[in-house]
Amino acid sequence: MDKPRVAFFDFSSCEGCQLQIANLEEAVVEVVKLIDIVAFREVMKEHSDDYDIAFVEGSITRPMDVERLKKIRENAEILIALGACAHLGGVQRLSNQWTSEENKQEVYGDYVSDPDDIADTNPFFEKPRHRALDEVVEVDYVIPGCPIDKGEFAKVLIAILQGKKPPIPDYPVCVECKKKENVCMFEIGKFCMGPLARAGCDARCPSAGNECEACRGYVSHPHSNAQSDVLEKYGLTADAIMQRKTMFTYRYEEAGKGGD
Amino acid sequence: MAEININVEHLTRVEGHGNIVLNAKDGSIEKIQWQVSEAPRFFESIVRGRRWDEMAHITCRICGICSIGHTEASLKATESALGIETSEQTEILRRLIKAAENLQSHVLHVGYLVAPDLFKVGSVFPLIGTHPDAVLKIVSLHRLANEMSDLLAGRTTHPTNMVPGGFTSIPSEKELRGLKQSLLDAVPTFTDVAQIVLDNAGGLPDFTRETEFIALVADDEYAIYDGDIGSTDGGRWPVEDYKSITNEFVVPYSTAKFTKHNRESYMVGALARLNLNYTKLSPLAKQWAAKFQLSPVCHNPFMNSVAQLIECFNDVETSIAWLDQLLEKGVNRDERPKVEVKAGRGMGAVDVPRGILFHDYTFNDQGICTKANCVIPTNQNHNNINQDFKAFAPTILDKPEEEIELLLEMLVRAYDPCISCSCHYLDVKWKR
Chain A
1 MDKPRVAFFD FSSCEGCQLQ IANLEEAVVE VVKLIDIVAF REVMKEHSDD
51 YDIAFVEGSI TRPMDVERLK KIRENAEILI ALGACAHLGG VQRLSNQWTS
101 EENKQEVYGD YVSDPDDIAD TNPFFEKPRH RALDEVVEVD YVIPGCPIDK
151 GEFAKVLIAI LQGKKPPIPD YPVCVECKKK ENVCMFEIGK FCMGPLARAG
201 CDARCPSAGN ECEACRGYVS HPHSNAQSDV LEKYGLTADA IMQRKTMFTY
251 RYEEAGKGGD
Chain B
261 MAEININVEH LTRVEGHGNI VLNAKDGSIE KIQWQVSEAP RFFESIVRGR
311 RWDEMAHITC RICGICSIGH TEASLKATES ALGIETSEQT EILRRLIKAA
361 ENLQSHVLHV GYLVAPDLFK VGSVFPLIGT HPDAVLKIVS LHRLANEMSD
411 LLAGRTTHPT NMVPGGFTSI PSEKELRGLK QSLLDAVPTF TDVAQIVLDN
461 AGGLPDFTRE TEFIALVADD EYAIYDGDIG STDGGRWPVE DYKSITNEFV
511 VPYSTAKFTK HNRESYMVGA LARLNLNYTK LSPLAKQWAA KFQLSPVCHN
561 PFMNSVAQLI ECFNDVETSI AWLDQLLEKG VNRDERPKVE VKAGRGMGAV
611 DVPRGILFHD YTFNDQGICT KANCVIPTNQ NHNNINQDFK AFAPTILDKP
661 EEEIELLLEM LVRAYDPCIS CSCHYLDVKW KR
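Read top to bottom, the protein sequences are chains A and B. Taking the working numbering, the leading residue of the first sequence gets 1, the next gets one more, and so forth. Taking the working numbering, the leading residue of the second sequence gets 261, the next gets one more, and so forth.
Isolated chain B, as found in the complex (with noise of 0.2 Å):
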């Protein structure tokens, strides 16, 4: 059998830089690795000597996409290191925007970056030409979420108004009246791209391979912006003790930092979420789940797109609900956040796009960071997709060589990595 070779530099449709090496001979695989050559930002150690109230600001700055699930983790670590309190009208107002960050994040990755694998080529572009249609219904979506974080947030890239305690501008209830509508007008389209994804997730490998899955899990709602930690191994945590379930380790192959917990390695993200609150689903998220006959435990990662999809209903209804709550109460646009300055260490979860999110904050008595650290979700997948390489790539090595490639980049990508997010990604060392 032939030799093959495979190395791609700098994996094309992810956010940030990663490569996939594959070396194999005679049908065995000699090398197989995901490898990241992200450069280092040390975003844990910018923030030394930054105050309380800049954190958030420096720290979305980590990921351009989920920018606002930085805020959030972010606001929530300094919250409780200070022991400031937020009412209600803002815990809702931050799911919210948590929801309309789900959306933004996971249209982009499921119509213009994983549709082009399912429709074989190589971009988004020419799909503008051969289906103008179903391109502008994935673009009017995407508009639709970031009007909706440019109304709650400010800004759907860093957000402008989000800080300690609450939030410095707030919409009026027009306009969140006008969000609910623009929410229930787009059920239509978003059935339609389902539909589409639907009739092309064939596609989509079935390769399974039973790993453990983490995520936010709650009582009383599919969680995203709140929770404790979950496993699908069993086990409830709370966030204080996401040292104990991350576990993050270096390898002598790969200075990336790893996580595990039970296994090998564990998923977080879409699918992991899925797995882990099925029950809490909204109606139609359950309806489409049902109709692309996913239910928990999936174990094939390639599912983590669709779950994405379905999470876009879930994010929908829910946020119509949330959206009838505040305006049942009466929108309070004159609340604004109080504040007192003490020491103290905090720590700050949410569930961002790509999954489990933590932010670790320490404060003198000044209000000034002492010492951080970020768990990032794509850090934690990335020991997951390598025990994914080990266990897909024999099964496709009778393919020819550019389908073996393509393969293995759907794989990653259906991780939706997001490896900017490299606060301590380290860089892979590899000897070729």
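Same shape as in the complex, but just chain A (with noise of 0.2 Å):
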């Protein structure tokens, strides 16, 4: 049987979720010899538009982006987000609660002697808005976290090359807190989103004692009512959940809803 042809591609990203790909280290050689990887601008030269299964890092920003996706969707057999900003949109749609003009002006405004050099007109900065890859196209599957896990990338990788579905959880990040016997991050004066984020991650940020800012988006279904009891408990204000729920989350700000 013929390997199957593999494709890597990055959007708006800091392309962390493909470094992991290279952190798999000595297990590269062994993924090399299941799939023929045909295109990975990060760290090849060959280039080739002929393959069946696309992973895809970043944020769609600009309609000249949109156009490159669908070429990519229109190519692929399995189109696979990779990451949460192909997921979710990153932390970079925090950038979606202004104008593309407020952006511009706030972080270029002091620099441009020509409005014309950032404006709309000009193609690479033509209305600049973050957003998640199904948005834009259908995805198949997604790896959630920012950055993905290299261990949950094997795994679905290896899933899919025998037709099988990825396995993604879908249980809050408290579970497997509780299985590693963490310190409840609330208990020691933290906010966490660990109640409502989608688990996969083992913990890893509660586990070094940080809170979970729920990168890899929400559990299908969350218990917003029992967030909101553990806020109380703790005697969080609202403003702060506010601010504290939209690191990686602002797409379900932005859509109104709870979950994905």
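Among the clues, some could well be false.
To be verified - Cut-off 16 Å, straight-line C-alpha distance, at most; resulting in silico cross-link-like pairs (EDC-like, lysine to aspartate or glutamate):
#, chain 1, residue 1, chain 2, residue 2
1, A, K245, B, E314
2, A, K3, A, D52
3, A, K3, A, D36
4, B, K380, B, D584
5, B, K503, A, D110
6, A, K71, A, D49
7, A, K71, A, D50
8, B, K598, B, D313
9, A, K245, B, D452
10, B, K397, B, E348
11, B, K397, A, E25
12, B, K285, B, E263
13, A, K70, A, D134
14, A, K45, B, E669
15, B, K631, A, D110
16, B, K540, B, D501
17, A, K45, B, E665
18, A, K45, B, E662
19, B, K380, B, E669
20, B, K631, A, E106
21, B, K397, A, E26
22, B, K631, A, D134
23, A, K70, A, E138
24, A, K190, B, D313
25, B, K434, B, D584
26, A, K45, B, D584
27, A, K45, B, E269
28, A, K190, B, E314
29, B, K551, B, D452
30, B, K598, B, E269
31, B, K380, B, E665
32, B, K285, B, E661
33, B, K380, A, E25
34, A, K179, A, D202
These are calculated hints, taken from the structure and not from any lab test.
Grab the two chains, each in its own frame, and use the hints to assemble them into the complex.
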């Protein structure tokens, strides 16, 4: 049997998720035995548009990005969103709180002599609004996280190669945190998204003594009321909740709904 | 003479999206440009309204490769603004983490991204078949650097335990002793890899263009985590003066923010650090600098990759010394940061793998960020790459188009550009 042809693409992101594939270290050698990597700009010069599986990192920002993503969707039999930017729009989605003019003014305003340089007439600056992949094209699977977990990437890849549905957990981070017998973040005066956030990271941040920021998004049916009870118990204000909720999850705020 | 039209859209084996354009006719260059087509993410805009303790968690997402460096610059800026003190243990641990990031990034760049050019292949993948021993050695060093970051920072990409004032978790003495042993054990492997690069260094073009180099400098160490701003043209300034050094500006043919200081442009990164801090290099690093005949001030940008390799030895040797310091004093794993929120402005600088990085934040009395500015290394190199292009391209015009393209690509790659670090890396507007 021919090895499946796999391509990696990146849009607006830090490219840290693709880096996790390099971080598979020796296992990369094994991965290369299973698949033919035909496009991966960050690490290889060769490029082919003939592929079966596309892993796509990054949020979709401008009309030119929409066009590029649509082409990838046409070419790929299976399209997988790689990481929080592709899944949710990334931290950069927070910029959608303001108009693109306001963002440009804040970041570039003091430095621009000709406003045309950052106007929508510049194709690379046309209407920058950050969106997740599935708001633009159909997405087959998601590997969540900021960054993705390299072990989970390997598991998902193997499942896809076997024609199975990738095993992404749909229970909250609290489950993994309890298993590890961590002290609850709320007990040490921190704010944690664990009760709502999708697990699969092995509660990595709380295990290091830091709060969960829900970089993997919410579970499908989040117990929002339970979270509210927890917050109330620890005397947190609504303002703090709204602020903390949005680092990775502004998508839900924008959509005015509680889950994906 | 024939026309030469090179248009490399989305240069490969670099982090982020950039293009190379060269148009020449009858032996003269009509246009040569390094362009950036990365989508803007507006980090300085999105941190407005965020709390002091969220800043590093957001801004580390500027970059996947140097998220540790962004975290440290961010923490230093927040600590400076809020007047937060850090312990000696925190300062040593952060230096170790910075060294781990340098190692990870340098091994990735030299081993995975530059080496294929020296072996005339398109990526590291074919080298797995042709040079398995060398590739596995490089992989083992990459793994060591990542394990070091994982142990100390909780995670290599986007650290989990680093907060203003210190750490939320600290490794045990046993783990630190294990790390020291792993670093000691890795020295022969680093030596083998350096020898392979040395044997193939003839593939690096001999190109020199005088420029200014800017990096952190310190009296008592090879500065990567802390220091003042130094220049090879002379001069030393406190980090607070960064705006008068970077002088960001916008040019009509590009909306990317450029920087300049004494000259048309300046360079930051491993070569800049080595040029400014050569005398502070560790013994093994100095030995390898001599083998590569690299001494200050070297004006060949292709030698930046070699400088990275030399820095690896420096990182390993200084890390071993820092670990000894920590272990000698005993590790306090219960140390936790103490923070009182107040209004203020603060700046932080670290020298990340690609060069000097500045974060500058202003907070109100609730500890909410009201203004932020980040000056990214690749941003500072952008102008220098374009100046190099102008000087380098005329010297290679007689070569076949394919080779010209490869050499221009190699020049950009030598800078190890990190284009996604696009806080305010504007997209280039060009007319075809």
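Hint-by-hint comparison with the structure:
1. Note on K245 of chain A and E314 of chain B: the hinted pairing holds, with a Cα-Cα distance of about 12 Å set against a maximum of 16 Å.
2. Between K3 of chain A and D52 of chain A, the direct Cα distance comes to roughly 10 Å. Compliance with the 16 Å bound is thereby established for this hinted pair.
3. The suggested pairing of K3 of chain A with D36 of chain A holds, with an alpha-carbon distance near 6 Å, which does not exceed 16 Å.
4. For the proposed pair K380 of chain B and D584 of chain B, the alpha carbon gap of about 42 Å is over 16 Å, so the pair is violated.
5. With a C-alpha separation of about 13 Å, the suggested pairing of K503 of chain B with D110 of chain A holds against the 16 Å cut-off.
6. A threshold of 16 Å between alpha carbons decides the hint, and for K71 of chain A with D49 of chain A the separation of about 9 Å falls inside it, so the pair holds.
7. A distance of roughly 11 Å separates the Cα atoms of K71 of chain A and D50 of chain A; the hinted pair therefore holds under the 16 Å criterion.
8. Between K598 of chain B and D313 of chain B, the direct Cα distance comes to roughly 12 Å. Compliance with the 16 Å bound is thereby established for this hinted pair.
9. About 49 Å separates the Cα atoms of K245 of chain A and D452 of chain B, which puts this hinted pair outside 16 Å; it is violated.
10. Annotation: proposed proximity of K397 of chain B to E348 of chain B is violated, straight-line Cα distance about 34 Å (limit 16 Å).
11. For the proposed pair K397 of chain B and E25 of chain A, the alpha carbon gap of about 11 Å is at most 16 Å, so the pair holds.
12. With a CA separation close to 5 Å, the supplied pair K285 of chain B and E263 of chain B stays within the 16 Å bound.
13. Simply put, K70 of chain A and D134 of chain A have alpha-carbon atoms about 11 Å apart, close enough for the 16 Å limit, and the pair holds.
14. Proposed proximity of K45 of chain A and E669 of chain B is supported: the alpha carbons are some 10 Å apart, at most 16 Å.
15. Taking the CA atoms of K631 of chain B and D110 of chain A, the gap is about 13 Å. The hint holds against a cut of 16 Å.
16. The hinted pair formed by K540 of chain B and D501 of chain B fails the criterion: a straight-line CA distance of about 24 Å is larger than 16 Å.
17. For the hint linking K45 of chain A to E665 of chain B, the alpha-carbon distance of about 12 Å falls within 16 Å, and the restraint holds.
18. This hinted pair checks out: K45 of chain A and E662 of chain B have alpha carbons roughly 13 Å apart, not beyond 16 Å.
19. Under the criterion of a C-alpha separation no larger than 16 Å, the hint pairing K380 of chain B with E669 of chain B is consistent with the structure, at around 13 Å.
20. For the hint pairing K631 of chain B with E106 of chain A, the CA-to-CA distance comes to about 9 Å; that is within 16 Å, so the pair holds.
21. Taking the CA atoms of K397 of chain B and E26 of chain A, the gap is about 10 Å. The hint holds against a cut of 16 Å.
22. Of the pairs offered as hints, the one joining K631 of chain B and D134 of chain A is violated, with about 33 Å between alpha carbons and a cut-off of 16 Å exceeded.
23. A hinted pair counts as satisfied when its Cα atoms are at most 16 Å apart, and K70 of chain A with E138 of chain A qualifies at roughly 9 Å.
24. For a cut-off of 16 Å, the pair hint linking K190 of chain A to D313 of chain B stands: about 11 Å separates their Cα positions.
25. Note on K434 of chain B and D584 of chain B: the hinted pairing holds, with a Cα-Cα distance of about 12 Å set against a maximum of 16 Å.
26. For the suggested pair K45 of chain A and D584 of chain B, the alpha carbons sit about 43 Å apart, so the restraint of at most 16 Å is broken.
27. Restraint check for K45 of chain A and E269 of chain B: satisfied, since their Cα atoms lie roughly 11 Å apart, inside the 16 Å limit.
28. In summary, the hint linking K190 of chain A to E314 of chain B is supported, as the alpha carbons are separated by about 12 Å, within the 16 Å threshold.
29. With a C-alpha separation of about 13 Å, the suggested pair K551 of chain B and D452 of chain B falls inside the 16 Å cut-off, and the hint holds.
30. Pair hint K598 of chain B plus E269 of chain B does not hold up; C-alpha atoms about 49 Å apart against a cutoff of 16 Å.
31. For the hint pairing K380 of chain B with E665 of chain B, the CA-to-CA distance comes to about 13 Å; that is within 16 Å, so the pair holds.
32. Simply put, K285 of chain B and E661 of chain B have alpha-carbon atoms about 12 Å apart, close enough for the 16 Å limit, and the pair holds.
33. With a C-alpha separation of about 23 Å, the suggested pairing of K380 of chain B with E25 of chain A is violated against the 16 Å cut-off.
34. For the given pair, K179 of chain A sits about 9 Å from D202 of chain A by alpha-carbon distance, which is consistent with the 16 Å threshold.
Comparing the model with each earlier hint shows violations of hints 4, 9, 10, 16, 22, 26, 30 and 33; every other hint is respected.
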